[in-house]
Structure formats: structure tokens, C-alpha cells
Amino acid sequence: AQKVTQAQTEISVVEKEDVTLDCVYETRDTTYYLFWYKQPPSGELVFLIRRNSFDEQNEISGRYSWNFQKSTSSFNFTITASQVVDSAVYFCALSVYNTDKLIFGTGTRLQVFP
Amino acid sequence: DAEITQSPRHKITETGRQVTLACHQTWNHNNMFWYRQDLGHGLRLIHYSYGVQDTNKGEVSDGYSVSRSNTEDLPLTLESAASSQTSVYFCASSESGLNNEQFFGPGTRLTVL
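Line by line, the protein sequences give chains A and B. Everything in the first sequence is counted per this note's numbering, starting at -5 for the first residue and increasing by one. Everything in the second sequence is counted per this note's numbering, starting at 180 for the first residue and increasing by one.
Think of the hints as simulated: they come from the structure by calculation, not from any bench. Because the structure is a prediction, the values reported are computed rather than measured. A few of these clues could be false.
[Unchecked claim] Simulated crosslink set (EDC-like; lysine to aspartate or glutamate; CA at most 16 Å straight-line): (1) A:Lys64 to A:Asp23; (2) A:Lys95 to B:Glu238; (3) A:Lys95 to B:Asp233.
[What the hints assert, rightly or not] What follows is a list of derived Cβ distance ranges for each label pair: (4) A:Glu9 to B:Gly276: 33 to 43 Å; (5) A:Arg57 to B:Asp180: 22 to 32 Å; (6) B:Ser248 to A:Thr25: 30 to 40 Å; (7) B:Ser262 to A:Ser55: 40 to 50 Å.
Every residue, glycine too, gets a C-beta built ideally from N, C-alpha and C.
Required output: the full structure, derived from the provided sequences and hints.
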């Protein structure tokens, strides 16, 4: 069975601090995909990144970076120099090859205070 | 611009009533999904479809049904609404193929009294 765990329920930081959101996944499949989505207070879900299990290169996009480590089954998300606009719930999700179904973690609520 | 819409955005109904939530996408995606979001559970898959006339049960399908008569629409029906179905419902769509990212609608907040 597949599972995604986001152990941090809520994180509060002050603007300009760096923050890392943890994601640990479980699957017996060798081919799978990992995702991060952002849900701002307005409620919509915004896609951030998709990574397949064969690509362990870290990725950086502006202030966002992702660290994928198969050895620890983790796909962590770091926001550098956080801003108030980063305040949202962030979801990590897993999709097993060729199923297209997403298995979500329970989300981490990030609050960035000015 | 292509988009995915849901209606209504808010709905209040009574226990035992049938309710249908609409989902319409103009991405021309074959895959469509319905999730419910509840505190402490994240998003859980209710039903999904890989194309016209195809429907499949997800993790929490009891009490829900879907039908897919065209590419654009996947309505979600609650046959007899229960208070446990009070939730926020999200529809999503994606291209067929290698686990592509899903695009989500704005959500429908359903309250069952």
C-alpha cells in the first residue's frame, strides 16, 4: 500500500526565515511520481512540482527547492527567505506509475509572519 | 484559457437528499478525478475516470457515484446525503500518460444538515 506522511501539522516562521517542509512516502513500486501542491487561503490547489523516482537531482525554482532522497523515502521542500505570500497549506502527494491517482499527505500549514 | 470549473461553489442540503456537484473542464483531458478534503485527512480520492464511459472507485467511494458521458464533464452524485459527507469537494483533471500533474477546480463546499 502507498502512503504519504507529513508529520509537521503547522509551522510558523517570521519573514525571511528559511523553512523546510518534510514529506516521507511509502511504496513498494519502483516507478512512482512525487508532487507538491500549494493551497493558499483562497482555497485552490496550485501545482508546484512533479518528480519521478528515477530522477534524484535536487531542483531549485527561485526561492523554492526540493530535496529527493530515495534512501530515506523523503521529498522535502524548502522555501528560502520566506514571505507572507508563502502562507498556505502545502501538500505532498504520491502517484504510482500508470495509475494517475494521487495519494496525498495530510498537509502542512505554513504561516509566515511579517 | 483552458480551465476547470465547479458548481455550485457552496451548497447546503438536508440529510437524505440527492445532491449533484458539477465539474467541467476545457483542457480536453481524458483523466478526471473527484477528491474530498477534510481536516486531518488531506485530500482523498472518491472516484475517477480515464475517459468517456469509464468510471472507477477511489478510496472513499461509498455513498457517491459518477458518470462520464463526454470528455468535459464528470458530475459527482451523492445518492442520499449524510452529515459525514459535509466536506470540501475538489474536481481535477490531467492528461493521459505518465502520471501527469493534475489541475484542480476551485472546490465546492458542501454542508449536510
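Taking the numbered hints from earlier one at a time, note which ones the structure violates and give those numbers from smallest to largest.
-> Of the numbered hints, all hold.
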